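Enquirer: This is what each chain is made of:
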Amino acid sequence: MPKNGMLIRIALAVAAIAVVAATAAGSGSAARTSGVTINGAGSSLIAPAIQGTYWAKHFHGATGNTVNYSSVGSGTGEKAIDTRQVSFGASDAPLSVYKNTPNPCAGCVQIPWALTGTVPVANIGLANGKLHLTGTVLANIYLGKITTWNNSAIKKINPGVKLPSKPISVVYRSDGSGDTYVWTHYLSAVSKAWKSRVGFSTTITNWPTGTGFKGNSGVAAAVKSTPGAIGYVSAAYVGSSHLDSAALQNRSSHYVTVSINAIAQAAKIVTKVPSNNEISLVNPPASSKYAGAWPISTFTYVFLHKNGDLNAAATNTTKAFIKWALQHGQYMIRPLTFAPLSSIVINASLKTLGQVSFK
Amino acid sequence: MSTFDATSDAARRPFKGRRTHFGDLILQVTAGLAAAGAIFLVGMIIYKVVEGARLSLSTFGLGFLTHTSEINGDIGGKAFLIGTAVTSIGALALATPLALGVALFLSELAPGWIRGPVTALVETLAAIPSVVIGLWGIIVLIPNLRLHVMPALHSTLGFIPLFGPVTGTGASIFAAIIVLTIMILPIIASISRELFLGVPAELKEGALALGTTRWEMVRGVVFPFARGGVAAAMILGLARALGEAIAVSMVIGAFNGFSWNLFSAGDTLAGRLANDYSSPGTAPTATSSLFYLAVILLVFSIVVNLIAQVIVRRAERRQGLVR
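In the order they appear, the protein sequences are chains X and W.
Take the first sequence: its letters are residues -5 to 353, numbered as in my numbering.
Take the second sequence: its letters are residues 3 to 325, numbered as in my numbering.
Just to be clear, a hint being listed does not mean it is correct.
What the hints assert, rightly or not - Simulated coverage check for chain W against chain X, where a stretch passes if three residues somewhere in it have a Cβ under 8 Å from a Cβ of chain X:
id	region
1	246 to 257
2	268 to 282
What the hints assert, rightly or not - Beta-carbon label-pair distances, calculated as ranges:
id	chain 1	residue 1	chain 2	residue 2	range
3	W	S157	X	T47	32 to 40 Å
4	W	A38	X	K189	54 to 62 Å
5	X	H236	W	G160	31 to 39 Å
6	W	F24	X	G58	58 to 66 Å
7	W	I309	X	K300	40 to 48 Å
8	W	E53	X	V14	52 to 60 Å
9	X	N305	W	A38	38 to 46 Å
10	X	G193	W	A38	13 to 21 Å
Unchecked claim - With a straight-line Cα cutoff of 30 Å, these simulated DSS-like cross-link-like pairs (lysine-lysine) come out:
id	chain 1	residue 1	chain 2	residue 2
11	X	K208	W	K80
12	X	K93	W	K80
13	X	K186	W	K80
14	X	K93	X	K150
15	X	K283	X	K345
16	X	K208	W	K50
Quick caveat, the hints were computed from the structure, so don't treat them as lab data.
Just so we're clear, the structure is a prediction, and the values are computed from it rather than from any experiment.
Idealized CB from N, CA, C, for every residue including glycine.
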């Protein structure tokens, strides 16, 4: 009868809703994690080490806390931590570079937490490390003074190598980048003409020649698709983009191809860390100790406020993440061409980290 | 007792005299607030942009417009100004004849069964997001330009300084002009098509009856009738080209300099803003210089808008429409 049928239908509907509600509530409470989520932003150089199957994933496995990272470039990351939009900012350029900007992050400390290098890559059909370049030649290429690959200056340092007569297409980063900072820092160190004409910074406004692309991936793609192109990328992108890097002559007069050992040798010049943690590894001096050093090596920094984050939980989680990266994360990122930090640097970093506390 | 007075006179007086209808009052107030809000928003944007540029305005003044870089390592406006002008005018010059051709085809020449699909396709072109066109530009357009189109143009027309030697990755002012042409062509084409369809049939048939050819009819009747509207459409396209940031920044090569060679890299006001807005550079005037670029862009847009008003009004007056 219709009335009974209606009652049964209503009863079934109520029962179904009750079951769903109970299940949802039950599973909700079972799946609720006690983990804290922190956000970071900045350098695309350190991005492969944090994202993917490396730091963030292992940190989550070890502590249940989540780290989200946006690879937006060193300049943007520094701005983000200054305005407290994130819990930590990552930059390859030290804090002193930003001191005249509207967001200098005056209450921040910088902590070196990884070590890698920036690498010249060229598309002229020569295998990895086959092309030899010196700092002077590289500077002149980027100044627009050397415009073809079979120029006498390049031929002189590449005896017996067949160089094409193609014009050189210079590629650089169009966005604010720590790689640009390291690259131009190196060019300023090896070329007075470069230093006076262009200088070094995260954003260069007057590249003498060439075309700009966004991000390490943009530069890599441009070099890869343009025969005769030369550009610069973080060491991590050389392998993953299947690009051919050039061997660079260091001050000990050896032609070095980038590798973890070469970067680690450059880092050997650090015998004492200054109180503000700012270390430059560009162009290490001539010495048998640094005979195989990569001349464009760089530390990369994490910035955070001395008086902590917005609350105690976020501050402690951020500190725990950085501490974990320093103590457990160094060896796992070697496949990305990061050299492990020396104990001198790790100790200095941990000491600075200890000064950060939530107020 | 109030009566509902439906005369336009009474409807226009919500506050003075007798209130006619509560609904009318609500309408007047809401619409008035919306209009005031729009004016306030525009005023606020202009104020904030000018305020952001104040440091650069006071430090560099109008000299900003004639230098490519300033002494403290900051940018100057010259290359971006010229780049914006060249890319926008170049795109307009390339897109207008093509768009008029498409519009004529769709309104006069095409058989009936083609018109629908082709119109839809042209309008779909307008719907493609600019970042997708930029991506296509990087992956497809730039290699093709560098390998085929630009060398061919240089070898045949190389005596003109516009088509100079091809060096570099192919990211160039020429690539930006192509991308902008693709973006403004559908705008000009759809508006022109509507205008051509709106030409009174008697005028067209009268001309044909007098013995004119198809082309003479188009040139003598359709074009003059639609002239004001087509000019407005071109201005609309120009405005889109001036403000296009993402697609241009992806294909133009981000180079702060200018040369008459279209095949060299350059930059535009909007393109540089898109590239640098999140990390302006470390000179003290870097951020305010970006705002200065935005001020220049705003001035450009307002001037173009004013010119559009003048052109459209003049064309309408010629047609005898009283304003």
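Enquirer: So, for every hint listed, does it hold in this structure?
Expert: Results for each hint:
By the rule of at least three residues with a Cβ nearer than 8 Å to a Cβ of chain X, the coverage given for the region 246 to 257 of chain W holds, with 5 such residues. With a threshold of 8 Å between beta carbons, the proposed coverage of the region 268 to 282 of chain W by chain X holds, since 5 of its residues qualify and at least three are required. Restraint check, S157(W) to T47(X): a C-beta distance of roughly 51 Å breaks the suggested window 32 to 40 Å. Distance hint for A38(W) and K189(X): a CB-CB separation of about 55 Å, consistent with the stated range 54 to 62 Å.
Taking 31 to 39 Å as the suggested C-beta distance range, the pair H236(X) and G160(W) conforms, at roughly 36 Å. Distance hint check: the CB atoms of F24(W) and G58(X) are about 60 Å apart, consistent with the given range 58 to 66 Å. Between I309(W) and K300(X) the Cβ separation comes to about 55 Å, which falls outside the hinted range of 40 to 48 Å. The hinted window of 52 to 60 Å between E53(W) and V14(X) holds, with their beta carbons roughly 55 Å apart.
Distance hint check for N305(X) and A38(W): the Cβ-Cβ separation is about 41 Å, which falls inside the suggested range of 38 to 46 Å. G193(X) and A38(W) have their C-beta atoms about 49 Å apart, which leaves the hinted 13 to 21 Å range violated. Simply put, K208(X) and K80(W) have alpha-carbon atoms about 23 Å apart, close enough for the 30 Å limit, and the pair holds. Restraint check: the Cα-Cα separation between K93(X) and K80(W) comes to about 27 Å, which is no more than 30 Å; the hinted pair holds.
Restraint check for K186(X) and K80(W): the C-alpha separation of about 27 Å stays at or below 30 Å, so the hint holds. This hinted pair does not check out: K93(X) and K150(X) have alpha carbons roughly 42 Å apart, beyond 30 Å. For the hint pairing K283(X) with K345(X), the CA-to-CA distance comes to about 28 Å; that is within 30 Å, so the pair holds. Distance restraint check for K208(X) and K50(W): the Cα-Cα separation of roughly 28 Å lies within the 30 Å cut-off, and the hinted pair is therefore satisfied.
Violation of the numbered hints given earlier is confined to hints 3, 7, 10 and 14; the remaining hints are satisfied by the structure.
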